[in-house]
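Student: Based on the sequences and whatever the hints tell you, model everything.
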Amino acid sequence: MGEKIMYDTIFARSFSRYDQKKLGYGAFLACFLIALSFSTVFKPYLGPLTVNKRLSINDGLKMVRANDTISSNATFFSNVVISFNATVEMVSDGSSNMSSTSRNDTIGSSTSSSKTLGFNYTNGVIRNDTRLMPVLEINNGSSSQQGQGKFMFCGCVEGGVPEKIIEPICNIEGRTEFCEMNGDIRINGKSSTVLQVGMMTENSSWIIGPYARKGDREALSHVTKWRVKTGVKDGDNGVHQCNRYHGVPAVVFSLGGYAGNNFHDYTDIIIPLYLTSRRFNGEVKFLITNKNPWWINKFKTILRNLSHYDPIDIDNEQQVHCFPTVIIGLKRDPKELTIDPSRSPHSMKEFRQFLRTTYSLKKTTAVKLTNNNRKKRPRLLILSRKKTRAFTNTKAIATMARTLGYKVTIAETDSNVAKVAETINACDVMMGVHGAGLTNMVFLPSNAILIQIVPIGGFEWLARTDFEEPSKDMNLRYLEYKIKTEESTLIQQYPPYHEVIRNPGAIAKQGWDAFKAVYLQQQNVKLDIHRFRPILSRAIELLHE
10 MGEKIMYDTI FARSFSRYDQ KKLGYGAFLA CFLIALSFST VFKPYLGPLT VNKRLSINDG
70 LKMVRANDTI SSNATFFSNV VISFNATVEM VSDGSSNMSS TSRNDTIGSS TSSSKTLGFN
130 YTNGVIRNDT RLMPVLEINN GSSSQQGQGK FMFCGCVEGG VPEKIIEPIC NIEGRTEFCE
190 MNGDIRINGK SSTVLQVGMM TENSSWIIGP YARKGDREAL SHVTKWRVKT GVKDGDNGVH
250 QCNRYHGVPA VVFSLGGYAG NNFHDYTDII IPLYLTSRRF NGEVKFLITN KNPWWINKFK
310 TILRNLSHYD PIDIDNEQQV HCFPTVIIGL KRDPKELTID PSRSPHSMKE FRQFLRTTYS
370 LKKTTAVKLT NNNRKKRPRL LILSRKKTRA FTNTKAIATM ARTLGYKVTI AETDSNVAKV
430 AETINACDVM MGVHGAGLTN MVFLPSNAIL IQIVPIGGFE WLARTDFEEP SKDMNLRYLE
490 YKIKTEESTL IQQYPPYHEV IRNPGAIAKQ GWDAFKAVYL QQQNVKLDIH RFRPILSRAI
550 ELLHE
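Going letter by letter, the sequence shown gives residues 10 to 554 in the working numbering.
Rather than coming from a laboratory, the hints here were simulated on the basis of the structure. One or more of the hints may lead you astray.
What the hints assert, rightly or not - Computed list of lysine-lysine pairs in DSS-like fashion (alpha-carbon distance at most 30 Å, straight line):
# : residue 1 : residue 2
1 : K404      : K416
2 : K481      : K428
3 : K385      : K344
Tutor: Structure follows, in structure tokens:
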């Protein structure tokens with residue numbers, strides 16, 4: 010202690026108070042510089058950084074190798090890890106080779122750099138302002154799938170606008186296939202080709218039939234096949250210069266297949282087109298291959314509400330059309346007349362609301378019957394048919410229904426969609442024999458009742474997949490009536506011991522054409538009024554619930 014007091018006394022005598030203060034500031038600055046130098050020298054040798062809660066991207070992040078010459082001012086990153094707070098850790102190796110991220114949650118390199126990027130989320134795409142950036146397409150799904158998606162890389166001009174995309178996203182999903190491409194996209198209708206032009210793309214090619222019924226050879230035999238190519242450059246053989254530039258995305262789809270059949274019009278085209286194009290809010294152009302003027306006229310109101318532009322008959326275009334984004338083919342649910350909200354940002358409820366708005370339909374909910382108001386009568390629509398699977402005693406059915414308290418409308422659907430939609434939307438109960446006309450249940454108000462009459466011939470699976478299951482997603486109640494052999498007109502054409510009557514399965518084994526020729530094209534229905542009456546009574550009970 011004595012030595013310390015002596016040292017302090019000598020120190021005070023040797024330096025003035027001002028000199029002591031200067032010495033203190035100098036010591037502080039020296040310590041700061043030493044610490045800064047230490048961190049700079051030893052930073053490359055620090056341990057790897059741990060990233061918690063890494064985003065799962067379908068068994069890892071898929072990276073694409075760029076083989077073409079890249080401009081010298083672009084920076085490359087060999088590893089990318091994305092956390093849920095949108096922080097991206099990047100490891101630069103100065104080369105053009107890109108490899109996928111390792112499965113552990115760490116990043117490290119002798120030349121590592123870390124940066125938190127400011128993302129801008131637009132139309133399902135996350136963008137930032139770097140010269141080479143990861144683009145994450147979000148797949149909205151169930152709670153167990155949320156956050157999963159697909160990665161691709163693009164070169165970007167200043168401001169975060171995509172300049173060149175590494176590769177298109179091509180998908181094969183159950184009943185459909187489609188490709189979504191961004192960048193310099195050129196479409197040549199004469200050769201049915203879609204080209205993605207740019208230095209950073211690999212040379213790849215796909216053949217796609219843009220009709221949402223993959224695997225159906227009969228349908229796809231009437232669909233033009235399109236070639237999708239990437240990795241091409243200006244000057245390559247077959248690469249034409251743009252004649253028309255468009256500032257909005259495009260969707261390419263076919264009106265071949267089974268277009269013209271009301272059921273397939275909705276399940277193969279209208280609903281998939283809604284799923285594919287709705288996100289653009291009308292700022293999208295439809296490029297139609299296998300053009301069908303009758304079909305376009307029939308659904309012109311729906312087309313106008315999905316796109317602010319006239320459709321383009323791309324097969325007969327002599328010019329090369331260029332777009333910033335092109336989708337070839339249509340997205341669709343694997344099931345008929347369905348939109349699964351766990352797999353899509355849309356739903357059948359939303360689609361039906363779109364139809365009500367498109368056709369200015371007034372009725373949103375079926376009538377609610379009460380015991381206190383017996384004067385209120387539900388409206389029953391009997392769908393009639395002229396050619397096949399028609400009711401032969403429609404008037405008798407209507408008379409019986411009126412005795413139960415129904416107001417009865419008898420109507421046949423046609424190509425006037427606006428009129429059909431208004432007629433069906435006004436009803437609380439709709440009944441008809443299995444067929445495309447029942448597809449118009451999309452216009453029924455919520456809580457309405459669909460009654461499907463199932464003919465003989467083993468229709469049970471068709472009845473279930475085509476109308477029973479879809480009706481649930483439409484918030485409709487479903488009733489079914491299976492006719493007996495005596496109620497089918499086939500009994501008048503074939504003896505009771507014939508395979509058509511006795512063993513429909515044997516006919517079905519001969520193929521769809523044989524089944525269709527007998528049970529769809531030769532059969533009409535004469536309902537047993539007394540046997541069918543309880544079905545209509547049950548429908549009234551449901552309207553009380």
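Student: Just to be careful, I want the Cα atoms of K385 and K344 compared with a cutoff of 30 Å; is the pair within it?
Tutor: violated (37 Å)
Student: Holds or violated: K404 with K416, Cα cutoff 30 Å?
Tutor: holds (13 Å)
Student: Does K428 lie within 30 Å of K481 when you go C-alpha to C-alpha?
Tutor: holds (25 Å)
In the structure shown, a violation is registered for the earlier hint numbered 3 alone.
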